[in-house]
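Participant: As a plain string of letters, each chain reads:
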Amino acid sequence: MIQGTARIPIIRLWSLLLVPVQGELTDTHAEQLRHDVLAEIHAAGSSGLILDVTGLWMMDSHMCAVLTGLAQATALMGTRTIVCGINADTAITIQSMGLELRGVRTALTLEQALLAFGVQPPPDGIDDPLDEIAGFEHST
Amino acid sequence: MNDPRSKALAVLGRHLSAINAQNVLSRAVRDARLVGTVLTLADLRRMQPQIERGLRLFLPAATVATVLAEFDRAFVPAGPPRAQVFPIKAESDVSEARLAARGLCEQLGARRVVAQKASTVVSELARNIFMYTASGGTIELVPTAGPRPKLLIKAYDEGPGIPNLDEIMAGRYRSRTGLGAGLLGAKRLVERFEITTGATGTRISAEVDL
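So the protein sequences, as listed, match chains R and D.
The first sequence begins at 1 in my numbering and counts up by one.
The second sequence begins at 1 in my numbering and counts up by one.
Please keep in mind that the hints were generated in silico from the structure rather than gathered at the bench.
Each hint should be verified, as a subset may be incorrect.
Sample of chain D residues at the chain R side, in silico, Cβ under 10 Å [said to hold, decoys possible]: (1) Gln50; (2) Ala100; (3) Arg112; (4) Ala115; (5) Arg127; (6) Arg172; (7) Gly185.
Using N, Cα and C, we set each Cβ at its ideal position, and we do this for glycine too.
Next up, chain R with everything else stripped away, as it sits in the complex:
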C-alpha cells in the first residue's frame, strides 16, 4: 500500500501532462495533485492532461468526483483531460452505481489517449539514436 507521504508524479510528455493516479489517494493527496497539476499547466502551457488510472484497484463515487473535479478545473484553463486505464471490473461497478464522469473523455489505454491528443506512434524498425551514441553496432 502506498503510504501517506507518497506524491503522485506529474510527467511532461511534449505539450501534454501524464499523471499515473495510483495507490490509496487521500484527500490530502488529491488536493496536492490538483494544485500541482494546475500549477504545471500554467507554467508549461500544456495542451492536454492524461489521467491514467490503471494503478487504481477501485473507483468509488469520491474518486470519480476527484477526477471530474480535476478535469473541470483544467477545462477552465483551456486544457482537455482524458482519463484512461479504467479496467472492466471498475467500469461495471461505476455503471451499476449510476455514476458518471461528467465532462470527462475516456480512452481504453494510454496509447489511445495519446493518439486522441494527436501523438503519432513511432514507425517500425526505427534506428535507436541512443544505440549510436553508445557505439552499439547492428548486425544485419
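For chain R, the structure is supplied; the task is to place chain D on it using the hints.
Facilitator: Structure of chain D alone, referenced to chain R:
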C-alpha cells in the same frame, strides 16, 4: 496450556523473548481488528500478515519465514472467516475497511468483480461516516461461508442523520459533495439494503451475494 493463544506464544517464544512474543501477538490481534477476546485457530491463521509485520521488527527475513512456516504447521485448518469491526474516524480507516472487505470476499471465493462491488459499497458507507459525522462511526463486516457465501455490511453512526434521505434514494438529489451519488450507488450494488436515519444517527445494513 493447549489453547490457541498459548500455542501461538510457544511458537513465537522459540525465536523471541517472552515479552516480545507477547508484544507481537497482542499487536497483531489489535491490527487485525478481531472482535472478542478469545482467539481461535482460524484467527491465528488469518492474522498472519499482522504477525509477519510484527516479526519483521525483531527478526531477519529468513527467520521470519521460518517462524511463519512453523505457524502454518501449528494451525492448519482454517475455519470460515469471521466478523470484523472497524471504527471509522480518519480517512485511513476508510481505506482499511474496504481493503478488509476485499480480503474477506477473496477468502470466500468471490469473483473479482463481486469483490470490487462489495469493497466499493464499504468505501461509500465508510466515507459517508468519515465526512458527515463529527464523532465517527463503525463498519462491521459479517461474512457467511457455505455454498452461497454472503457478505453483510453494517454501518452505524451517531451523527446528525440524513435529512433528505427520500430524495436521495429516489435519485432526485445531486449533492456537490457526493453523499447522494454514493449512497444510492451503494444501494444499487447490493442485493439487500436497509437504512434507518434520524436525529440520533444512521444505521445501514447491506448484503452482497458473493
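Participant: Can you name, in rising order, the numbers of the hints this structure does not satisfy?
Facilitator: Of the numbered hints given earlier, those the structure breaks are 1, 2 and 6, listed in rising order.
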